[in-house]
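A.B. asks: Sequence:
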Amino acid sequence: MEKKKYNISVEATLEVIGGKWKCVILCHLTHGKKRTSELKRLMPNITQKMLTQQLRELEDDGVINRIVYNQVPPKVEYELSEYGRSLENILNLLCTWGENHLTKVYGDKFSVLEDSVLNDQLK
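So the sequence shown is numbered by the numbering used here: it starts at 22 and just counts up by one.
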């Protein structure tokens, strides 16, 4: 396999966590293991197909672990891998920047933030 070339290292970061949903998924997983259905409930605007695709990509990149329980009915959970935990500081900084941005643009960030487990800790 030929090595890919990057102009700057942030391109490699965005290749792994870029896009609309991956950081959101990762933020939810910083609060513990989640089943696919839990993630879907926490992110109602994501399609099942997109959620599955994003989870597979994050797993392929070694950022999350997929845990399959040998039972009937089948049970699958996702968690941050040890490697994925190294992204927590970046994710926290992105959240903080987003909160500050919302306050700057809208004044009251809570007027535009949905009720969510992740947003409850801001109150």
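The set of hints was computed from the structure by calculation and includes no laboratory data. Note that CB positions come from ideal geometry on N, CA and C, so glycine has one too. Incorrect hints may appear among the rest.
Think about it this way: if two alpha-carbon atoms lie no more than 25 Å apart in a straight line, the pair counts; the simulated PhoX-like pairs of lysine-lysine are [unchecked claim]:
| hint | residue 1 | residue 2 |
| --- | --- | --- |
| 1 | 54 | 43 |
| 2 | 125 | 54 |
| 3 | 96 | 55 |
| 4 | 96 | 130 |
| 5 | 96 | 54 |
| 6 | 55 | 70 |
| 7 | 70 | 96 |
| 8 | 61 | 41 |
| 9 | 61 | 96 |
| 10 | 96 | 125 |
| 11 | 96 | 24 |
| 12 | 26 | 41 |
| 13 | 25 | 43 |
For each label pair, taking beta carbons as the anchor points, the in silico distance ranges come out as [said to hold, decoys possible]:
| hint | residue 1 | residue 2 | range |
| --- | --- | --- | --- |
| 14 | 92 | 122 | 40 to 48 Å |
| 15 | 25 | 74 | 35 to 43 Å |
| 16 | 124 | 32 | 27 to 35 Å |
A.B. asks: Against each hint, give a clear statement of whether it holds in the structure.
C.D. replies: Outcome of the hint check:
{"no.": "1", "hint": "54 / 43", "in the structure": "15 Å, holds"}
{"no.": "2", "hint": "125 / 54", "in the structure": "33 Å, violated"}
{"no.": "3", "hint": "96 / 55", "in the structure": "11 Å, holds"}
{"no.": "4", "hint": "96 / 130", "in the structure": "37 Å, violated"}
{"no.": "5", "hint": "96 / 54", "in the structure": "12 Å, holds"}
{"no.": "6", "hint": "55 / 70", "in the structure": "17 Å, holds"}
{"no.": "7", "hint": "70 / 96", "in the structure": "18 Å, holds"}
{"no.": "8", "hint": "61 / 41", "in the structure": "14 Å, holds"}
{"no.": "9", "hint": "61 / 96", "in the structure": "15 Å, holds"}
{"no.": "10", "hint": "96 / 125", "in the structure": "43 Å, violated"}
{"no.": "11", "hint": "96 / 24", "in the structure": "37 Å, violated"}
{"no.": "12", "hint": "26 / 41", "in the structure": "24 Å, holds"}
{"no.": "13", "hint": "25 / 43", "in the structure": "22 Å, holds"}
{"no.": "14", "hint": "92 / 122: 40 to 48 Å", "in the structure": "44 Å, holds"}
{"no.": "15", "hint": "25 / 74: 35 to 43 Å", "in the structure": "21 Å, violated"}
{"no.": "16", "hint": "124 / 32: 27 to 35 Å", "in the structure": "30 Å, holds"}
The structure is inconsistent with the numbered hints 2, 4, 10, 11 and 15, although it conforms to all the rest.
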